[in-house]
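S.K.: Sequence:
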Amino acid sequence: MATNPKDVEAQMTDGPPPAYESTIMSSNIPPSYSNTPADAPPPSYDSLYGKVKAAKQSSDGNVDFCKKFMMIICGTIGCTIMLAFVLAIPITMIVMGAIHKNDCPAERMIPIYLIVGGSFGIIKNLSSLLQRCMNKDDEDRDEKNAKTNPFDATLNLFLFAWFIAGNVWIYRTHDEWSKDPTHANYCEPSLYWFAFWLTTAMYILMGSMCCCICCGGILAACCGALNSS
Numbered sequence: 388m389a390t391n392p393k394d395v396e397a398q399m400t401d402g403p404p405p406a407y408e409s410t411i412m413s414s415n416i417p418p419s420y421s422n423t424p425a426d427a428p429p430p431s432y433d434s435l436y437g438k439v440k441a442a443k444q445s446s447d448g449n450v451d452f453c454k455k456f457m458m459i460i461c462g463t464i465g466c467t468i469m470l471a472f473v474l475a476i477p478i479t480m481i482v483m484g485a486i487h488k489n490d491c492p493a494e495r496m497i498p499i500y501l502i503v504g505g506s507f508g509i510i511k512n513l514s515s516l517l518q519r520c521m522n523k524d525d526e527d528r529d530e531k532n533a534k535t536n537p538f539d540a541t542l543n544l545f546l547f548a549w550f551i552a553g554n555v556w557i558y559r560t561h562d563e564w565s566k567d568p569t570h571a572n573y574c575e576p577s578l579y580w581f582a583f584w585l586t587t588a589m590y591i592l593m594g595s596m597c598c599c600i601c602c603g604g605i606l607a608a609c610c611g612a613l614n615s616s
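The opening position of the sequence shown corresponds to residue 388 in my numbering, with each subsequent residue numbered one higher.
Check each hint, because a few of them may be wrong.
[To be verified] Derived Cβ-Cβ restraints for the label pairs, each shown as a range: (1) Tyr558 / Asn536: 12 to 20 Å; (2) Ile478 / Thr541: 17 to 25 Å; (3) Gly604 / Lys488: 41 to 49 Å; (4) Ile476 / Asp562: 25 to 33 Å; (5) Ile605 / Pro568: 49 to 57 Å; (6) Ser565 / Met521: 43 to 51 Å; (7) His561 / Thr479: 18 to 26 Å; (8) Phe545 / Val482: 34 to 42 Å; (9) Thr569 / Ile605: 51 to 59 Å.
Calculated directly from the structure, the hints in this document are not laboratory data.
Note that the Cβ used here is the ideal one computed from N, Cα and C, for glycine as well.
Start from the sequences, fold in the hints, and give me the full structure.
M.R.: Right, here's the structure in full:
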């Protein structure tokens, strides 16, 4: 029996269309990126590593790379926060020296050392923060920071000389001062130990910086080996 084409067409249009929802839901759909902004920044891993690698490629040698490596580290946001936090140390030096200015007959220069060192330390830290704020949007800030201005050079020279003088005043009194207020070599214990450990911590910090420079040299050697391979 012949089938009427019109009847077949009517049967196809009478019912609802087939549902494909279950098929779509069960298929392996790739992850959606609709929630990710188009201008989202890339991962931050390549930021510091890329700067170190670029510094290695543009360096004339390991010494030049170590210098640029330290400048990259000093240019990080964490270092800026640490630099702002370090402002508390000179303030504490001034406070301790002013409170106990006349409480160390064993060596009267110790409180003066703290007051003067703290005052110039604040000036130094504020100068460093100001330079960072002025150069944060400058593409050539590394080159500009590499050129120390006469003010910073003079300030650094004075702080270094004052630090050496403080070493003499503090360490030569180490075995001679007394905790007895009636003794001729009396020195307020909190004042002396603060000055002593603050000065000693500077040597610990310098040792840590030397370790960082050594790590930078090792990193330079590793980058050179990877580039050559």
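S.K.: Determine for every hint whether it applies to the structure shown.
M.R.: We went through each hint and held it up to the structure:
{"no.": "1", "hint": "Tyr558 / Asn536: 12 to 20 Å", "in the structure": "violated (33 Å)"}
{"no.": "2", "hint": "Ile478 / Thr541: 17 to 25 Å", "in the structure": "holds (23 Å)"}
{"no.": "3", "hint": "Gly604 / Lys488: 41 to 49 Å", "in the structure": "holds (45 Å)"}
{"no.": "4", "hint": "Ile476 / Asp562: 25 to 33 Å", "in the structure": "holds (26 Å)"}
{"no.": "5", "hint": "Ile605 / Pro568: 49 to 57 Å", "in the structure": "holds (53 Å)"}
{"no.": "6", "hint": "Ser565 / Met521: 43 to 51 Å", "in the structure": "holds (50 Å)"}
{"no.": "7", "hint": "His561 / Thr479: 18 to 26 Å", "in the structure": "holds (21 Å)"}
{"no.": "8", "hint": "Phe545 / Val482: 34 to 42 Å", "in the structure": "violated (21 Å)"}
{"no.": "9", "hint": "Thr569 / Ile605: 51 to 59 Å", "in the structure": "holds (56 Å)"}
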